[in-house]
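Engineer: Here is how the chains run, residue by residue.
Number of protein chains: 2
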Amino acid sequence: MQQWVYRFSSELTEGNKDMKNLLGGKGANLAEMSSLGLAVPPGFTISTEACTQYYKENKTINEEIKKQILAALNQVEKLQKKKFGDKTDPLLFSVRSGSRVSMPGMMDTVLNLGLNDETVKALAEKTKNERFAWDSYRRFIQMFSNVVLGLGHSLLEHQLDDLKTARGVKEDTELNAKDFQELVTVYKSIVLEELGRKFPSDPMEQLWLAIGAVFNSWHNPRAQMYREMHGYDSSWGTAVNVQAMVFGNMGETCATGVCFTRDPSTGAKIFFGEYLVNAQGEDVVAGIRTPAPINEKSKNESNKNMKTLEEIMPETYEELVATYKKLEAHYKDMQDIEFTIENKKLYLLQTRNAKRTVNAALKVAVDLVSEGMITKEQAVLKIYPEDLNQLLHPRLDPKAKKTLLASGLPASPGAAGGQIVFNSETAQEWAKNGKKVILVRQETSPEDIGGMAAAQGILTARGGMTSHAAVVARGMGKPCVAGCSALMINYNDKTMSFGKDKYREGDYLTFDGATGEIYEGLIPTIEAQMSEDFATYMAWTDKFKRLDIRTNADTPEDSKIARSFGAQGIGLCRTEHMFFAPERILAVREMIFAKTQVDRKKALNKLLPFQREDFVGIFKAMNGLPVNIRLLDPPLHEFLPHTENDMKELAASLQISMNEIRERKDFLHEFNPMLGHRGCRLGITFSEIYQMQVRAIIEAALMAKKDKVVVLPEIMIPLISDHKELELLKKEAIEEIEMVFKELGNKIEYQIGTMIELPRAAITADKIAKHAEFFSFGTNDLTQTTYGLSRDDAGKFLPIYTSKNIYARDPFVVLDQEGVGFLVEHAVKIGKKANPDLHCGICGEHGGEPNSIEFCHKVGLDYVSCSPFRVPIARLAAAQAALKWPATAMEKHGSVKENRI
Amino acid sequence: MQQWVYRFSSELTEGNKDMKNLLGGKGANLAEMSSLGLAVPPGFTISTEACTQYYKENKTINEEIKKQILAALNQVEKLQKKKFGDKTDPLLFSVRSGSRVSMPGMMDTVLNLGLNDETVKALAEKTKNERFAWDSYRRFIQMFSNVVLGLGHSLLEHQLDDLKTARGVKEDTELNAKDFQELVTVYKSIVLEELGRKFPSDPMEQLWLAIGAVFNSWHNPRAQMYREMHGYDSSWGTAVNVQAMVFGNMGETCATGVCFTRDPSTGAKIFFGEYLVNAQGEDVVAGIRTPAPINEKSKNESNKNMKTLEEIMPETYEELVATYKKLEAHYKDMQDIEFTIENKKLYLLQTRNAKRTVNAALKVAVDLVSEGMITKEQAVLKIYPEDLNQLLHPRLDPKAKKTLLASGLPASPGAAGGQIVFNSETAQEWAKNGKKVILVRQETSPEDIGGMAAAQGILTARGGMTSHAAVVARGMGKPCVAGCSALMINYNDKTMSFGKDKYREGDYLTFDGATGEIYEGLIPTIEAQMSEDFATYMAWTDKFKRLDIRTNADTPEDSKIARSFGAQGIGLCRTEHMFFAPERILAVREMIFAKTQVDRKKALNKLLPFQREDFVGIFKAMNGLPVNIRLLDPPLHEFLPHTENDMKELAASLQISMNEIRERKDFLHEFNPMLGHRGCRLGITFSEIYQMQVRAIIEAALMAKKDKVVVLPEIMIPLISDHKELELLKKEAIEEIEMVFKELGNKIEYQIGTMIELPRAAITADKIAKHAEFFSFGTNDLTQTTYGLSRDDAGKFLPIYTSKNIYARDPFVVLDQEGVGFLVEHAVKIGKKANPDLHCGICGEHGGEPNSIEFCHKVGLDYVSCSPFRVPIARLAAAQAALKWPATAMEKHGSVKENRI
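Residue numbers (my numbering), protein chains in the order written: chain A, 8 to 908; chain B, 8 to 908.
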């Protein structure tokens, strides 16, 4: 028979801290503390599997589970020597949810379960404390009505407030037993009136309803939304903890509180906490009364005159200190502990690894290592890589007042505020005049680069997490919210709205690129800050990681930033961004309009010095590190002028008619540019373009070499679908390179390789590998083609897909291991077999995403490449992957596949 | 040591007819005839491998090959008792190319090789025939200078004509030895003048040059083009046949001729041929003299008064008759035989399976079976499936004069002529008035269906073999030339040009959809004709094929045509084409503009009766056969109005502003519609659309069932990328179906399945198969995504790709077995393993292409589906595949993969 219920008590404990998936975090830790011999009120945990079973059986708790619950309940009765529902000495329970990760939105807690008109009297009698008993009863009705029966929270709350007003008192503690008894009567009549049902008086009925309510709350809209945001699986389910009540509200020798073993906002080694005398747990959270500091160090402006726990119950405080030390040593991490004191006796209700800021996390990790409590390996595994974002980008001041206007995709982290403008030119102009601007566009295109660079942040109405705006913004380390579907832009009027109010050019707006939230007006931000522990910690990651971390950078500036963050080379230098500067774009357009190869070459020759200069700068910034340069990738029509003005300018400059410009534009128009005349297809049809680029790279490398720079250029040919493309283009490239070597009388080592970004390239990677020195997986495009999904168009329906759980995560954010990953793994396997010297990396946006990096590690890639501001995140993720999946473990299993979670 | 040279003679023959790949067709058959004891002048064949080696070694014939050639040459000398280059009794050679398939454009023949100023005298002396010797010499210089030295053909030819004019004669036979001797002198001086080199007099030099010229001709532009057109591999290489000369030009007892064992244009069992007295082989081909009939039955208007071979050399003729019968019986096929008679002795120079019209081929195949010469299996293997096109579509009259204007892709076979129009409305209007029109468009869209149906044929400037125009035209059996890149259209002026002359609306044009060629004016056409043998032959194919042949049809009319061609069901019924009729499109647009689900449902309810009616018609036409209906696939913006007028009409009808229409169009615009919001993504986001369609299908099925029609509906959900999409949509479909069953109080069997058209679907086919009753491979889209190649945009560079041999064939025409095929095979394998009842077919355009059908057979698909007019082709291809790859052979090898050629 399957075990659905796990008990915990000083006598018998069936769980432990490692059983979080089955018992939830709370249940696992209650079991662990029980085993440690700490004073935990006895109880039992109904497993997450029981929750799954509940949904399978159409939301019913089956007989077997009920049986196991009743058996566990009996055992608690025996231990406590009381009976649930007993009319002389009733046992009461708390019922609390607990999934494997804490999840706001789920049902939290019902205390004092088991009280009714009879048991309340027994409780009063037994404890000789009528006020306590009725206080507990009214609390129970309040909580149960709200979280189990679904009655609006404020309805009963108001009654309490009204009563206090009527009595002329401020604090609950000033009310007496009679008052509470009255309240109970009023509460019950409101429940009857509002819900059309009597408040359930049978303790067993109360229990079943409460357990069901916890299970149901797993699928609360808020919990669902939270799971989606964090990529948690909706199949996990929640556990339910049923635990004997202890009372912090039995009088002045009773209390309830929360403490942290270190300071959660700085990580400093300070024992820190708050408590309330004569109260129950939820009073601390609800903020009805101001809690007191547990010790001197916990004092602040608002509580500095209150008595500390240390003062009023020194022995209990000492016990608490001993307990926190024991727990921290046991869990080897900073703890967040909930406790209740019943008649000076300390009970522990929860412990967990404390939430903390990333600065605190770094300090705690570094301190724990120097205290000898954990190893560096353990320290490196402690921080979620994405959290480093907090260190690298400005944040909104958490204390500022905010009016949320709308939400979009959190495309590039960081807070940005400024005046809205609707085109790139205005953005640059205003920025030049010292204004802070937010660039608002339907979507961005390569033409907008200048405006994006000038803006504080970018906001778009269309496009997904790997849209142009998102990718470029991340590259620049610039905040961006993309695909805000509520955003309607009118370029003509220079206005925008999120449905109702209109915003004009120059109006202020602030957004948070880490959450996707957009706020009215200008909100203060906190600048990025890197603690002194950051360097120590990051140095540890480099010890453990197997993957190299490169960066995607197109300019010397970006290259320098990335290098300062620890990048070990450039994994993707896109050459096309270089084409958009005003002095270059004309030559590009001249090239596009050329009618003969001779004219095309003439135009390309004008571009050559620019490209060469860019490359020299990048080579210098990356002295001694490899620089992977991708030859031209986008279709030529991306470089054509869009506005009437630009077209006129071009016509004048090329001395051709506007008609000719329009015809050329028409001719170059493509129905599906993503699947069109781009990448190596340009190189095949216009070999002179790639020849010019190859020449620029090699000439630049030789120039840098002259200046004693160590240059390691890698020439990358994009969008290969067949090995013959690479064979031909490689041959042509080598011919050009040999010519340059001859002309300049000098040589240099270089590599030629390809992007693997089409399914067919992955499928035939063995043949391609014979002509390639490296593979770089372009997982953006590979995801697009494997899914048949345009990243620029998916914004309209992808949110529906993730909300219906059809796609667990946005595949442009987290690499799809099953489909896209199959192709990557296949290509690495057959590619390295065909060419053992093949060097493999990834340069898609996934190269900076921790889950995807773990996958890259497991399938045996040699490096990942990501935008400069994600390099630290990638370093940490790579180190964690290596610690989780050491080479030995992988070899032992023979296949990386079998090794996947 | 590798054998590079294979000898043939009455004494020693090293090849046979099955060695075509190594010896070429000509060499293999020369060897075969030698072995049969027929009088074949001795000689040797230099293998195709030697040709490949020649290219490998930078166009040199290596020493080993030369050694083997000289050894073989010596043997011929011994047999003929003459010596090559000998000054008393010289041996002469013919040198001819011969690849595995006959290939126009390659170097053909050099006769009389070995002659020079000395050997010509010896030949004259030895044969006592000075005229013959000098005639042979001048012929040799003429041929050698042209085909080996590359001198323009007409230069020497003119000298011959001038001489005849000077002598006042008409025929070469009227010239004497002296005349030819003079010609030789003139020829040699022209060679020296034009080429700056003396005509080579050393026989060995002549031989090496001739062999090299044959090898070089393999890469002639014309030969290359021919290979591309026919998909032949450029790596094959050509063999060279070097053979002792026999002479048809030694006098009146000599002759040369060609005969066919049956009539190549009708297939009738008539021995048939032409000959020339006192001539060499090329005279027959060159048409310098009118050849005479070999027998009474070969007489026609132009030669009826000439003497037959039967009359002038009855014994030799009898020998020829005996020989042809022997050859036909041996080869079990109609032969095309070249012979030379030297002093009444018959020599055979070539035999091969005769080229024939498809009608002749059918008759020959059926006759050979009834004559007991071949089995039905052999008969079915004799006809190339594509050739059946000749039977099914009108052709250009081969005798008509034609002025070629341009070429495009041969998108849909058949000849079409008429007046050009530039839009669908005009096409329909003019056609209504009895005019024959050609619809000329940049590209077509679903809106053009009406005009396409009204036109004789469709001509487009853009798009590839699977563009909208091509696919729809093939479906309609309507001729189409697509992607004619030279075509410039000006819609405003209603004019077009191919670079120079302008053509206006109403001008006449004719094109051949089978070749892609476009001609000026109206050219007479010959109607499609099906011989009586067609039915007999096609019935045999059905005996052997394992694959079912279904059709892609969207209307009852198409369904009926396809069924008459032998279709065994519908493999793809596209529902969206049904939406474009004027009375329906408004409801579709209303649905698109609906702001709420309620409004959307209201609009959909207007469409329901139309869809239901269509389905009833199709079910009736396909009584007893399965009908696979695909739910809505294209993105909604395809249904929006494009012209200002249509937009105004819509605005009026929906009572909304033009602004709102434009905004909606903008909102629905997609950057890459092929990768956008389409297919099942529509079903996921607007479930009511699929619900309506499913309801229409099932209601129609139940209505048809009432009329005693046997209905087998299959509901196909397109563009699945993840099994969860199918799971959800299937559940919703079943709910709707159960509702219809309940409402109408009747039930029906049905299937629900999916298209596999995205790489991810193929990769995860095992999971998808658990929710699908069938897979239909949409290889058009699968090719697009696997290659990252838009079929609508590829037209601009795909021709360059195939011409540079980067892609051996257009992957939209012939299924790419290596890449796309990998995914198909993978999906079938894991899909059938996960669900053994899974039924698999293909509905992409490849389903009608013979090579691809063979692949489908081999990987174990259950059916292919193609446009109605390709059904016979598919039936034949499927039968051939089954005969080539019987189940036993496939089982024996265990894996279909190993079994591939």
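The hints are simulated quantities; they were obtained by calculation from the structure and are not laboratory data.
The reader is advised that the hints may include incorrect statements.
[To be verified] No more than 27 angstroms apart at the CA atoms, straight line, and that leaves these computed lysine-lysine pairs for DSS-like: (1) A/383 to A/362; (2) A/672 to B/602; (3) B/836 to A/839; (4) A/602 to B/171.
Engineer: Next step is simple, just say for each hint if it's right about the structure.
Structural biologist: Status of each hint after checking the structure:
Between residue 383 of chain A and residue 362 of chain A the alpha-carbon distance is near 20 angstroms, which keeps this suggested pair within the 27 angstroms criterion. A C-alpha spacing of about 35 angstroms is found between residue 672 of chain A and residue 602 of chain B, which places the hinted pair above 27 angstroms, so the restraint is violated. Restraint check: the Cα-Cα separation between residue 836 of chain B and residue 839 of chain A comes to about 26 angstroms, which is no more than 27 angstroms; the hinted pair holds. Straight-line distance between C-alpha atoms of residue 602 of chain A and residue 171 of chain B comes to about 50 angstroms, which puts the hinted pair past the 27 angstroms bound.
Hint compliance for this structure: hints 2 and 4 are broken, all remaining hints hold.
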